[in-house]
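Enquirer: These are the residues of each chain, in order.
There are 2 protein chains.
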Amino acid sequence: MNERDYIARCLAPLATSPAARGLCDDAAVWQPPLGRALVFTHDVLAAGVHFLPDDPPADVAWKLLAVNLSDLAAMAATPAGVLLGLAGPADAGWRAGFAEGLGRALAQFGVALWGGDTVSGLAAPVLGLTAIGWVEPGRALGRAGARPGDALWVSGSIGDAGLGLAVAQGRAPFDKALLNRFRRPTPRLALGAALGGVASAGLDVSDGLLIDAQRLAAASGVMLAIDLAAVPLGRPAAGLDDLLARVTAGDDYELLFTAPADVDVVALAGKTPVTRIGTVAAGTGLSLSLRDAPVALPARLGWEHQ
Amino acid sequence: MNERDYIARCLAPLATSPAARGLCDDAAVWQPPLGRALVFTHDVLAAGVHFLPDDPPADVAWKLLAVNLSDLAAMAATPAGVLLGLAGPADAGWRAGFAEGLGRALAQFGVALWGGDTVSGLAAPVLGLTAIGWVEPGRALGRAGARPGDALWVSGSIGDAGLGLAVAQGRAPFDKALLNRFRRPTPRLALGAALGGVASAGLDVSDGLLIDAQRLAAASGVMLAIDLAAVPLGRPAAGLDDLLARVTAGDDYELLFTAPADVDVVALAGKTPVTRIGTVAAGTGLSLSLRDAPVALPARLGWEHQ
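Listed in order, the protein sequences are those of chains A and B.
Heads up: the first sequence begins at 13 in our numbering, then just goes up one per residue.
Heads up: the second sequence begins at 13 in our numbering, then just goes up one per residue.
Some clues are possibly wrong.
To be verified - The following residues of chain A were derived to be distant from chain B, with all beta-carbon distances above 12 Å: (1) Asp55; (2) Ser169; (3) Ala178; (4) Val179; (5) Asp187; (6) Lys283; (7) Gly295; (8) Leu302.
To be verified - Partial chain B-side listing against chain A, Cβ under 7 Å, derived: (9) Trp42; (10) Pro44; (11) His54; (12) Gly97; (13) Pro101; (14) Val138.
Derived from the structure by calculation, the hints contain no laboratory data.
All C-beta atoms, glycine included, are put in the ideal place defined by N, C-alpha and C.
The following block holds chain A by itself, in its conformation from the complex:
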């Protein structure tokens, strides 16, 4: 199947928005909602770097969309459309599975494919996705803005995706739920939208709770004091080393955010589980404790992209 046929048969059915113009023009055209600020993100997933070469293509498509929508959620934005850059081998089965998975993920999150580009002739897939969303002006969330006295919160549970990676790599027994946390993360779109204009700072946990917390602390010019005992885990940890492995594993795609102490974050979050895990203090970096006993920072806080 050449590019034209692939686009016509597999991708055009996903381009349900008028903005996509049926994928027949050189670009998408969209009339944005009046008076909104627009939010743009672009993340790349490469085989062998971000996913395993034999991961199911539908899962890769899901993750590609989810990690980008998670960036929108972290900015308190509501997604509107995406552009896809699909480069890889001319493997018809892989490509069809990818398009089918992308279609399901787009439908799940209520987003449409607006356009993009496809290329064959590469040895392994390199996938880019641009997600476009909107937010009320002044309500976009950023990493700077946390103030001493604010509470530190995280959504969902931390470390399950790291356990899922071990399953995917055959280092741990098969566990569908954990594998799905790694392969099919859920962007916290509803929570993100609710936090706009209320939370003082936020980001999504992609590289590890601790390293992402450190980035938020650095951008805000504050210290984050985290009670490791409060960090919500999907599965109980077997001691401190295991707990530290969870909070440095990454791929969680939960939201880590700060809010003034008097905000009723649980009510604001509605159906999304949220847990208070610490406090913003004056200073720099992270301060860890476990039920009031100080814990030394591990040497590795998460994934540092080399």
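Chain B: place on chain A using the hints.
Expert: Below, chain B alone, put in the same frame as chain A:
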């Protein structure tokens, strides 16, 4: 240099717009001009497919930006910002040259880097760029809309980039001007913006004048009658075969468009050279002639992406 240092040293200086938030947040935030429609395009360039592995990285960056801005121009849009997806080897020299070239190209076309993603660990570069622009509502140009009786126009000159590719591949003697047409195309932004709401249909010539003309004809449901003798060439053609090679070579990034016969396109185009090369007629496909003598369609009309 790891990803963080590369972003901080080489890419952050290109992120001059407030929308980029210093590349410090999860996404860009932009307040679009009031009442405008927005235009989005994403094109991928891969080493070995779209450019030669030893092409200078600054030229690759230029072309990556130019081909995307050319898509905006083809839709009559004015560019506002771009997101970059840079995946490739951790080759510090190549990456620095790429960033420097991208910076020069962004400055040349008055566009800012808003965000994106970088990945190392790949054998060869795969580059994606999303360009975001705006157009007055209802003035976006598309491929459908040409009507019998309209005139068919093309900007600049055709076939030079194909000659430049031969130079780059060592199949033709060194010629800086031709090489630049291949490696550093100029998106026709001013012309594109002027054509919005006036031209009836248009696209940019990326795969070959004839194949792109055929696409415009198909989208509009018309026939395009092209006088090959009128096609503007940068260098004289040595006979019909050579002429046919030029009009099927591609990589021109000129605008091919139709307009009602009574529109003064030359005046509208201002400083951009434009040439009338044919007429829109009822029917389908292309009809070629050379000074009133019919010419058979060549078997290959341009690049078909396999």
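Enquirer: Indicate, hint by hint, whether the structure satisfies it.
Expert: Hints versus structure:
1. Asp55: Asp55/A not clear of chain B: closest Cβ-Cβ about 5 Å, inside 12 Å.
2. Ser169: holds, 21 Å
3. Ala178: The claim stands: Ala178/A keeps its Cβ more than 12 Å from every Cβ of chain B (closest is about 21 Å).
4. Val179: Its Cβ never comes within 12 Å of chain B, the nearest being 23 Å, so this holds.
5. Asp187: holds, 28 Å
6. Lys283: Per Cβ check, Lys283/A is outside 12 Å of chain B; nearest 23 Å; holds.
7. Gly295: holds, 20 Å
8. Leu302: holds, 29 Å
9. Trp42: holds, 5 Å
10. Pro44: Cβ of Pro44/B sits 6 Å from chain A, so the hint holds.
11. His54: The hint holds - His54/B has a Cβ within 7 Å of chain A, the shortest such distance being about 4 Å.
12. Gly97: At about 4 Å, which falls below the 7 Å cut-off, the nearest Cβ of chain A leaves the hint on Gly97/B intact, so it holds.
13. Pro101: Cβ of Pro101/B sits 12 Å from chain A, so the hint is violated.
14. Val138: At about 4 Å, which falls below the 7 Å cut-off, the nearest Cβ of chain A leaves the hint on Val138/B intact, so it holds.
This entry does not satisfy hints 1, 13, going by the numbered hints stated previously.
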